[in-house]
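Given only the sequences and the hints, what does the whole structure look like? Please build it.
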Amino acid sequence: MSENEIDDNLDLRGVLCPINFVKTKLKLEEMQAGSTLEILLDKGDPIANVPRSVKEEGHKIIKVKKEDGDFFRVMIRKS
Amino acid sequence: MSYSEDWIERYSRHIILAEVGGEGQQKIGKAKVIILGAGGLGSPAALYLAAAGVGEIGIVDNDEVDLSNLQRQVLHHTTDIGRPKIDSASEKLSAINPDIKIKTYKTFVNSTNIMDIISDYDIIVDGTDNFPTRFLVNDAAVMSKKPLVHGAILRFDGQAFTVLPHVGPCYRCIFREPPPPGSVPNCSQAGILGAVAGIIGTIQATEVLKLIIDKGKVLSGRLLILDALDMTFRETRIRKDPDCPICGKNPTITELTDYEWVC
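These protein sequence lines are chains A and B, in that order.
According to our numbering, the stretch in the first sequence is residues 839 to 917, in order.
According to our numbering, the stretch in the second sequence is residues 37 to 299, in order.
All clues stand as given, with none of them false.
DSBU-like mimics (lysine-lysine), calculated; alpha carbons at most 30 Å apart, straight line:
1. B/K68 / B/K246
2. A/K865 / B/K66
3. A/K898 / B/K63
4. A/K893 / B/K251
5. A/K881 / A/K865
6. B/K181 / B/K142
7. B/K251 / A/K865
8. B/K246 / B/K181
9. B/K253 / B/K137
10. A/K898 / B/K251
11. B/K137 / A/K865
12. A/K893 / B/K63
13. B/K246 / A/K893
14. B/K253 / B/K139
15. B/K182 / B/K137
16. B/K276 / B/K182
17. B/K139 / B/K66
18. A/K865 / B/K246
19. B/K66 / B/K182
20. B/K63 / B/K142
21. B/K142 / B/K246
22. B/K253 / A/K865
23. A/K893 / B/K253
24. B/K68 / A/K865
25. A/K898 / A/K881
26. B/K276 / B/K181
27. B/K137 / B/K63
28. B/K251 / B/K128
29. A/K898 / B/K246
30. B/K63 / A/K865
These are computed hints drawn from the structure, not numbers from a lab.
This is the structure we're talking about:
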């Protein structure tokens, strides 16, 4: 699987904490282990908190990329 | 599975918990819990279970709301005095969570109606206020093999215990039979600190939720005892009694009976 291949994505820009994490978690629950989810997160609280919470649930953060327009593209591999 | 925005937001603090998640919250939504008594213990238990999103809650009570109930029975408000407790309860629970189904039974449980009442539910919460009923509820739970979360309160004291029929000990493994009528004071004679009802009823709700999501350890084989005056909890290990008259190897109780109850 190439690094950029994603199985699903969620645009969580404009979604506040902790609902952005809740939505990420619900999406991950319905995905297969080993598959990849890409999420878009706002700067500030979202990027500071969501990846950490995702890691605490045992998933892997594969890539975090800052995009123009003050948001981040975060790639998660489901454990 | 798609979730509504309201569902996600309402239960977000549950879903965040590693032990619950979307899956656990769905289990809670499918669960059916019967609460016996809408009083001191039933009030907090019902309020938290409704708020948690338990899909179907049954409430059994034959009383009307009395002014002297309001100091601890937080389901009922001053304006409810004189109304059946089940109506007052049903209204409050629906107001907290309109997504859930509430079923009410205007009766007291007895040996002839209890099996029928509990048959539609997965878990039983005992919020009754007297020994004869407590033994009846235990026996019915063991016979129907449904988990029972017991709670009792008096003065500043409380206890909680969960019966997993035939897996762990039952109430009769600890206390063989009801005390003689009149030998033990009840709440109306001995008094009860209202907040103690809140602590024990909330422990009962917590036990129910753990049973539903199948996480953690419930109070099976452990009688939890609260002394709120010293604010200490202690725990007594309880073993399943092979000679228990209801859940033992050779049960002598094979049908339900109503004990004499003098108050």
